[in-house]
Amino acid sequence: MTELQARAVVKAYGPTPALRGVTLDVAEGEIIAVTGPSGCGKSTLLHCLAGILRPDAGEITWRGQRIDTWSEAARSRLRRTEFGVLFQFGQLVAELTAAENVALPLLLAGTGRREARTAALTWLERLGVAEVADARPGEMSGGQQQRCATARALVTEPRVIFADEPTGALDTLAGEQVLTRLVRLAREQGTAVVLVTHEPRIAAYADREVVLRDGAVDHTGLGLDASLAGGPR
Amino acid sequence: MAGVSTPHVLLGLLATGTKHGYELKRAHDARLPRARPLAFGQVYATLGRLQRDGLVAAAGQEREGGPERTAYALTGDGRAALDRWLSEVEPPMPYVAGTLFAKVVVALLAADVDRARAWLIAQRRAHTERLRELTAVKTSPTAALDELVAVDFAIAHLDADLRWLHTTLDRVADWHREVHS
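Going down the list, the protein sequences come from chains A and B. The numbering of the first sequence is our numbering, which starts it at 1 and goes up by one. The numbering of the second sequence is our numbering, which starts it at 1 and goes up by one.
It is worth saying that the hints were derived from the structure and are not from the lab. Just so we're clear, the structure is a prediction, and the values are computed from it rather than from any experiment. Hints may contain errors.
Said to hold, decoys possible - Cβ pair distances, simulated, as ranges:
#1 69(A) - 140(B): 40 to 46 Å
#2 189(A) - 101(B): 40 to 46 Å
#3 163(B) - 109(A): 50 to 56 Å
#4 125(B) - 187(A): 45 to 51 Å
Said to hold, decoys possible - In silico SDA-like pairs for lysine to any residue, Cα to Cα no more than 25 Å straight-line:
#5 138(B) - 68(A)
#6 138(B) - 128(A)
#7 138(B) - 139(A)
Positions of the beta carbon are idealized from the N, C-alpha and C atoms, including for glycine.
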């Protein structure tokens with residue numbers, strides 16, 4: 001069943017078009033990779049789907065409700081409860097410990113302090129970083145920080161995780177530890193994942209790959225139709 | 001997998017203790033979980049050659065409710081040969097060759113750029129599917145480390161091939177012009 005949908009979404013930054021009418025369905029529990037060359041609009045699409053950016057035209061619907069017309073406060077609430085976000089880096093609050101960082105979304109949603117800490121510790125354990133619960137981000141490796149950020153994205157048990165190049169700043173093994181756990185836990189919980197990446201080996205974690213090219217979905221699914229249609233160059 | 005030295009792999013397996021042919025085959029398939037399984041015929045033929053060359057020796061007969069089986073042990077020469085092999089650095093890609101590469105060259109010579117491109121796209125799809133299949137092994141909670149290491153090896157090579165397929169797709173038209181100029 002489709003949970004999240006983009007319909008003919010258009011977005012420009014000033015005179016530069018980033019998305020030229022993108023339509024995409026995300027089904028419940030589906031892991032979908034959005035790929036394509038640099039500048040193809042994949043991050044912009046993720047930001048529109050997550051309600052961080054408002055499209056210039058087109059619609060974003062969540063469980064049949066149009067959300068792109070909602071107020072910033074309402075979209076922000078949706079991101080705190082139903083969505084989780086994971087970026088390349090710089091997401092943890094430097095002054096807080098790992099456990100406090102992970103507990104943060106729960107505290108913002110009104111969960112009691114003790115309960116939030118217990119849940120945070122459980123999620124750190126699931127991500128294999130229980131040992132850094134009381135460390136601050138500056139005392140952790142990049143891979144540990146990203147696993148904490150993943151725990152924080154999952155702690156509210158969201159319906160969709162948006163991950164924008166989540167392993168872009170990590171070495172291969174650290175990146176794999178983040179992704180294998182994210183995908184495994186998302187599957188266990190039936191959480192959908194929208195994974196933006198330009199790397200084939202990262203896209204291979206998904207059930208399905210959507211290729212963008214010049215701000216539109218490339219229907220060959222290979223990012224190659226333009227060169228095919230153009231014949232020999 | 002091209003170029004794997006089955007004799008040395010068998011010597012390595014015998015270094016852990018005396019084994020008969022069936023045990024060697026089982027140990028090989030367990031330790032190299034995603035390799036093509038070793039045929040019994042190949043095990044016995046290789047053991048025959050290793051014995052002829054004095055690298056292994058028969059170490060008694062065994063019978064467990066079936067036919068009599070010969071157990072083999074590593075000899076001193078066998079251990080030395082194994083040690084030499086383990087110390088040798090493999091020449092990193094001494095010849096630039098491979099079916100993927102050769103096929104594009106031949107497609108450009110014998111057919112045209114569209115044929116080469118169509119093949120590159122089809123091959124890329126097949127590579128992507130295999131990459132996804134092997135990646136699924138990594139996210140399985142029950143995957144053993146043996147298997148993860150084997151799968152990593154395949155994924156790294158598929159990933160490299162995919163990058164080459166992608167770059168070559170962008171270059172194939174220029175290349176075709178050069179081949180036929």
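Each hint, compared with the structure:
no.	hint	in the structure
1	69(A) - 140(B): 40 to 46 Å	holds, 42 Å
2	189(A) - 101(B): 40 to 46 Å	holds, 44 Å
3	163(B) - 109(A): 50 to 56 Å	violated, 43 Å
4	125(B) - 187(A): 45 to 51 Å	violated, 24 Å
5	138(B) - 68(A)	violated, 37 Å
6	138(B) - 128(A)	holds, 16 Å
7	138(B) - 139(A)	violated, 28 Å
Hint check: violations occur at hints 3, 4, 5 and 7; the rest are consistent with the structure.
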